[in-house]
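J.: These are the residues of each chain, in order.
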Amino acid sequence: MEVTSIHDGIIIDHVPAGTALKVLEYLRINPSATKLALIMNTDSRRYGTKDIIKVEDADTAIDLDVLGLVARSATVDVIRGGRIVDKKTPTLPERVVNVITCVNPRCVTTTEPGIDQVFYLDRADGDVYRCRYCDEEAEF
Amino acid sequence: MVGTSVITLDDLSIAQIRELLDKAQYIDTHRKEVAHTCDGRVLATLFYEPSTRTRLSFETAMLRLGGKVIGFAGAQLASVTKGESIADTLKTVSNYVDVVAIRHPKEGAALVAADAASVPVINAGDGGHMHPTQTLADLATLRSRFGRVNHLTIGLCGDLTFGRTVHSLIETLCRFGDVRFVLISPKELRTPQYVLNRINATPSCSYVEVSDLSEVIGDLDALYMTRVQKERFFNEDDYLRLRDTYILDEAKLALAKPDMAVLHPLPRVNEIAKEVDDDPRAAYFEQVRNGMLMRMALESSVLGDELPGFAEHENKEVMA
Ligand SMILES: [Zn+2]
Numbered sequence: 003m004e005v006t007s008i009h010d011g012i013i014i015d016h017v018p019a020g021t022a023l024k025v026l027e028y029l030r031i032n033p034s035a036t037k038l039a040l041i042m043n044t045d046s047r048r049y050g051t052k053d054i055i056k057v058e059d060a061d062t063a064i065d066l067d068v069l070g071l072v073a074r075s076a077t078v079d080v081i082r083g084g085r086i087v088d089k090k091t092p093t094l095p096e097r098v099v100n101v102i103t104c105v106n107p108r109c110v111t112t113t114e115p116g117i118d119q120v121f122y123l124d125r126a127d128g129d130v131y132r133c134r135y136c137d138e139e140a141e142f
Numbered sequence: 225m226v227g228t229s230v231i232t233l234d235d236l237s238i239a240q241i242r243e244l245l246d247k248a249q250y251i252d253t254h255r256k257e258v259a260h261t262c263d264g265r266v267l268a269t270l271f272y273e274p275s276t277r278t279r280l281s282f283e284t285a286m287l288r289l290g291g292k293v294i295g296f297a298g299a300q301l302a303s304v305t306k307g308e309s310i311a312d313t314l315k316t317v318s319n320y321v322d323v324v325a326i327r328h329p330k331e332g333a334a335l336v337a338a339d340a341a342s343v344p345v346i347n348a349g350d351g352g353h354m355h356p357t358q359t360l361a362d363l364a365t366l367r368s369r370f371g372r373v374n375h376l377t378i379g380l381c382g383d384l385t386f387g388r389t390v391h392s393l394i395e396t397l398c399r400f401g402d403v404r405f406v407l408i409s410p411k412e413l414r415t416p417q418y419v420l421n422r423i424n425a426t427p428s429c430s431y432v433e434v435s436d437l438s439e440v441i442g443d444l445d446a447l448y449m450t451r452v453q454k455e456r457f458f459n460e461d462d463y464l465r466l467r468d469t470y471i472l473d474e475a476k477l478a479l480a481k482p483d484m485a486v487l488h489p490l491p492r493v494n495e496i497a498k499e500v501d502d503d504p505r506a507a508y509f510e511q512v513r514n515g516m517l518m519r520m521a522l523e524s525s526v527l528g529d530e531l532p533g534f535a536e537h538e539n540k541e542v543m544a
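Chains as they are written, first to last, in the working numbering: chain A, 3 to 142; chain B, 225 to 544.
Calculated from the structure, these hints are not laboratory results.
Since this is a predicted model, take the numbers as computed values, not measurements.
Treat the hints with care, as some may be off.
Derived contacts from chain B toward chain A, CB cut-off under 7 Å, selection only [said to hold, decoys possible]:
#	residue
1	V304
2	K306
3	S309
4	I310
5	E331
6	G332
7	A333
Yeah, the Cβ is synthetic: ideal placement off N, Cα and C, and Gly gets one too.
Same shape as in the complex, but just chain B:
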């Protein structure tokens, strides 16, 4: 993984993703030991559109590994790039830093950046296209709750048409295999055919499409909630009606398994009632922590900086 840019999760093998999951888990329980893993390293966060929570996650990850951070975001952009191409900015910044995290409103921008850069580039979201570290956070949350990411029944609820994080999660889980998908959405926001084809092409995976969350919630090991966004609708009435149909509250949660995990990429609007936050099944703030841990695992891995004690720890696990 050393020197690798991660633009989509297809850039990583399943073995590499498993290793990142192992590393994230190790980091969580060995924070002091890993605190100097990236001493002397510098991360650039190039955020061509504001996404404060994602930027903070990337930056905290590097700081917790002992590295330093530079970058720009949103408002500072004009003065930094002066209309310069992405390629030229990356060729410049490559001289300053050891690794780059880029967020850009245009689809494919991270690939342009990786082509131009001489250091590894991590995609922190390129338009609605790809957001691989979000999917890594989702996987890490399944792993921390269940000890595995497959052999599960996973419900995905809300906007399944435009929610690319949902598509990325489904496609990646298909690579692991052995997942039952329950796709819960209004008929206006169903899963696109190419994603269904991906599930069909995976013999160990299957799916059902339903429109009523309450009806299926009892079957689920995990429930992935998404935002239903207003701009997807032609009229306000449809939006309000559909938005309120897919709200998770305590009443619906009462029908779920006692160890079901509720995930959400955050920020939420109103699709998860605040009362759910105190339920032990709420895993979405844990997901934020897992996102940071996975970014720590990823940043150190592409830099080739070994986590002190990790190799020994893994060998012990194998022996035991």
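Only chain A is shown next, with the shape it has when bound in the complex:
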């Protein structure tokens, strides 16, 4: 597949196949107002298939915590003048506040007003994220 190259911006590679739009949403990148290229369900030597997100003129300060949360396998190339000037990998944040919401209908966060949505990284159980209140596993 032909991949348009970009001059100044970022390339988010190794995004889990089919999830690029969701990743954009979590990164708060508005696809209707941003110059970007999406390559979805393309071949990947490492993962079989993957998505690639290319953002021209992007603010390179993308939230690596949020990226780690939704696409921990992703890599970020920072492009300046058509060349890769930096490579970044997402981190797995220990705590995530107000990025995802708990899906458990029995959770106190569904009824208590003014409460932060807080998730923690459960390293003992395969690095999943769990709601701080009810311990339900996060869904994306």
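Put chain B with the ligand on the given structure of chain A with help from the hints.
T.: Same frame as chain A, but now just chain B with the ligand:
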């Protein structure tokens, strides 16, 4: 432990749990000596859903320590909270009392309460999520029967899928180590994988999964029975069939060790036949007493009120 909220047993170290077990045992034999431990203290029991037996246990515990009790439960709720958030209610009640016990149908409600309160909060059950003082009662019962909570073969029988008190007990026993678990349930109600992982991650603990209680009852030091709840089943026939398979009666008990202990978080439906109550192996009413004693130990500990004579008693134990 002073000032600590207890939302799950993970909030307490094993050393602290051992100390609570020691205190409960001391309290049981020194009731007069401890009767003024919490003079001048006030406990609030905030019960957003009715659970009369748990509330009575928390309240009796404080009364027996010389403290007083205020609170609300179930029906009075609407007029007390007027739709107020848990956080605001706790910020208000913190001004009145020294310690709070909260029961709430929503999972995580006790943590919200502890975040907002300026006094220690004890979780008296938050939905099906956590019920740490039940697990403390279970541990105290093992301790009173065997003098220890580990180096035991413990059978858990019935609903092992949804019974969170069972999961909490298993996880806490894994922290003590050296327990063999025998998990007895129909295949529809087996132990969830994350609990099995917890046992696997503990080198000194092991488990087997079986479906026939009679087959394994002779191996057990303790048998923890649970309710098989109707709402877990899609159809009535499955429920009735499974419910009746896991009933403990004298015939099954005849196959058990003479000093096996039978535990149950109560209330029971029909999973333990009434005839078992008179058997010396029945420990479930003792468990109720132990629950109160552990709540006494916990309430006085988070308040920082020393039990008169306890420290000396412990030193004597160490010397002897
Ligand atoms: Zn939750």
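J.: Now, for every hint given, state plainly whether the structure supports it.
T.: Tested hints:
1. V304: Since the shortest Cβ distance to chain A is 16 Å, the answer is violated.
2. K306: 13 Å, violated
3. S309: It holds, given that the least Cβ distance between S309(B) and chain A is near 5 Å, below 7 Å.
4. I310: Result: holds, 6 Å to nearest chain A Cβ.
5. E331: 4 Å, holds
6. G332: Nearest chain A Cβ about 3 Å off; hint holds.
7. A333: Since the shortest Cβ distance to chain A is 5 Å, the answer is holds.
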